[in-house]
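Residue numbers (the numbering used here), protein chains in the order written: chain A, 1 to 366; chain B, 1001 to 1339; chain C, 2001 to 2288.
Read the hints as simulated data drawn from the structure, not as lab findings. Only a predicted model underlies this, so the values are computations on that prediction, with no experimental measurement involved. No incorrect hints appear here.
In silico PhoX-like pairs for lysine-lysine, Cα to Cα no more than 25 Å straight-line:
no.	chain 1	residue 1	chain 2	residue 2
1	A	K226	B	K1149
2	C	K2014	B	K1207
3	A	K135	A	K165
4	A	K107	B	K1061
5	A	K208	B	K1263
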Amino acid sequence: MRTGLMRFSLAAMLVLAVGAAAACGSSNKNSGSSGSGGGATASINGAGSTFAAPIYQQWGNALKSQNLTVNYQPVGSGAGVAQLAAGTVDFGASDPSLTPDDRKTFKKGEAAQIPMAFGAITVSYNLSGVQKGLKLDGATIADIFLGKITKWNAPAIAKLNPGVKLPGDAITVVHRSDESGTTKGFTTFLAAYSPEWKSKVGVDKTVKWPTGTGAKGNDGVAAGVKQQKGAIGYVEEAYALQNNFTTASVKNKAGQFVEPTLASTTAAGEGITVPADLGIGIIDAANPKAYPIASQTFVLVYKDMCKAGVAKGTASGVKRFVDYGLGEGQNVLGQLQYAKLPAAVLTKAKAAAGTLQCNGSPLTGG
Amino acid sequence: MEAGSLTDPRGSRSGLGRLPLTQLQDRALRWVLKGLAALILALIAFFFIRLYIEAQPAFAKFGVFGFTFTNNWDVSRNFYGALPLLVGTIVTAGLALAIGVPVAVGAALFVSELAPRQVRGPLTIMVELLAAVPSVVYGLWGVFVLIPKLQPIEQFLSDKLAFLPFVGGHVPGPNYFIAGLILAIMIVPIVSAITREVIATVPADHKEAALALGATRWEMIRMAVLPYSRSGITGAAMLGLGRAIGETIAVTLVIGNAPTIGKQIFDQGYTLAAVIANEFGEAANNPTHRAALIAAGLVLFVLTLVVNGLARWLVRRAERGKVAAPVADIQANAAAAGG
Amino acid sequence: MSTLVGIAPGRRRKDRLMRGVLAATTLIALVPLALILYELIKRGIGSWSADFFTTDANGNFLGDPGGIKSAILGTLEMVGLATLIAVPTGIGVALYLTEYGRAGRFGSLVRYFVDVMTGVPSIVFGLFVYITLVLSGAGGSGFAGWKGAVALALLMLPIVTRSAEVVLLLVPDSLREAALALGAPRWRVVLRIVLPTALPGLVTGSLLAIARGAGETAPLLFTAAIINGTSFDLSQRMSSLPGRIFADVGQAQDRLVDRAWGAALTLVMMILVLNLLARLVSRRSRLT
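With the rest of the complex left out, here is chain A:
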């Protein structure tokens, strides 16, 4: 019995070890085959925006049948930029356009930002008895997130919602704890309507929140809102719909209260000007039909991926991913309540994708 048990334990350890060794062996085979470029089997790694994660996961599923595996890690826009700079991913994903400071961190080469879609940042709340469409404006939302408004029946909220019976629950703010494009879009909007927010907290992918619970990713904030009565948070529309959240109608630049919908997000993107580096921004659009807290989202890639250390086969894979996203991929956006890129933006995005290179020669993408 004694030796039997011992043997079993040793055997168990041995199995673990052999498994590990076998995996080491198989790794060589894989890395060998990934070098053969073209439309062959490829696997690409990406990380970043959780705002856009539903899109990339959907696209990844579609591309699987075309022998392209997309491993996308939704870790937040900040981490997307950071990981691209550190070279731990083949492409990054970020909602806000790159800042000069961001660009300074790219030591491996120049990066391109290619817009992919638009989405709405909803203000979602968990308040029993209150329907969807609670009216809020920028200043009020800012005061809530500043911790100045702490009860749901506060006069500032009641004034915007005559006739709505508001409970006296305490407000629990839920915000992002990671560096997030969603946060940047949201704080940009708040700063536009609240001087106090602008001076005290500011605009960035992460800020020093005066109050509230921090959570990772859009999904984390959604979980926080879902789990706490009286909670308020900001999440991308797909996440709000998925969880059946009640979302606020937010007052836009033209003074209209607009609900986050596919139509109002599309309206926010209409007629925007596109700078040469494609660094667009659609927060607080002037269109009276526009939802004011809408955001774009970008895929970030090195203009010459091979020079930045990406294998040629992988680089072609990334190109295929981008091409798919700007082509067929645009048609599936609506299912997830993201808006397509307007024609003007799409043309320029495709042109930018066309300039991607591998060691100086254009990438075909297979």
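Please build the complex by placing chains B and C on the supplied structure of chain A, with the hints as guidance.
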């Protein structure tokens, strides 16, 4: 196993001196083993130096003191003062000790001195199984069971006990108290295991003497067991403290991740370990932020170093002269330290 | 009436009370274990199915989220590799400490630092591996399963060493002396007498270290990363059970949270089996 070689007839070998080959093998083994031991020292030295170098940009910019004791962790302004994190770490670890140590010591006393002999083994195993539950599972349980179940109770306490300092106001789900409670559960097995070990070193004479004088069981514990093992129990508590300080994943999930100093024990906060887990992934391209997080790691490292060093010293002193019960010691070592 | 000296009622009451209090603390200590196991089984067993163990997390925003096959494999592989590194090294160091360095200054220095290492928070090991292996792109990639394994090995090393030392010290010196007196060379004594005698204890310590490593999340966050999809290539990013659970805990959707409970039940079962095995082995040991 192959110990049979011992009985090999050695007649062929002269008893005068060892063969050069054997001597060589002897030396080889000795040096290989010594090399491995030296490797550990080299590793830790490298470890410390590398962390220190990587943390330099933060220390250079804010100063060691300024970094550690400034109350402002503001990533967007690229300013890093770790006081809110340090306070969070200390508050949660303190709560963990306040809740966990009495329970752990009580359980150890019960198991060692009062429980019927047949149930001691099973009880010991069950308490130690708490250490087998991974940190992330504690976090999962905390988020989906503990937080929703306790929130009304916490709110009630917060309202009724508002006259106390650091109590009162709205209770959000994740907070210092929940984190401290989970940490308390997590440190119970190690504190209990070491306490049992220490209690086991109390000479039977002392206990019998107390009983012979007509002491009740409790009086025996109070007069013979506790005084003798006091410093060992303190050491056990400090080992628990070391664990609580370094615990990462469970805390990250239930502390609320707010880089401010909470006004009360039911407020959200942050800890050194949690901030590293949350922010490190995105700090790779911001040298100051990265350095600040590594510096936070270094502060954590030094903190656990001091606490553990002191704890080990206390426990060793308490156990002097007695070889520890091996399984308990192994268990204690294997008890969860991090996340 | 009792012939024994009576105990004053006050003292007796106090004794009863304190016994009750101590028994109560034991109960309190055990309540969380019972609650956790109860919730794990209640919520976890529902997600267990053949599909759950044979498919991979797919990251699908809607519909079936997939299972935990790669997470289990990843944990087995990374912990396996970590064991391969940590157990021989740890036992080697322990052998040095007990057979050669019992008294010397070098020996006590090593012993002290092994103690220090047991107290280092696991996230700090993750940081260290990130700095040295991930940022430098060692092995041609950023995050990789083998780097996660290195971080786990660092964490397991001191546990293996400490427990091995305790066990090796229990091997009676008389055994060593007898063998030496019979003319056996030192290295044979160490490898053929001391090691086999202590083997059950060494296995126990190693199994417990493995159980520790298997449950760790923090060292894997920035070394092996957390991914969807299939992964069993140690040179690439890799899933793990704790990583999968951590990723799923922060989710709002029930289908993902359910997967977290299912994965947690799997992980806890694995660890409990390792613990059980460790105890059975140690019970068979001649030394204790």
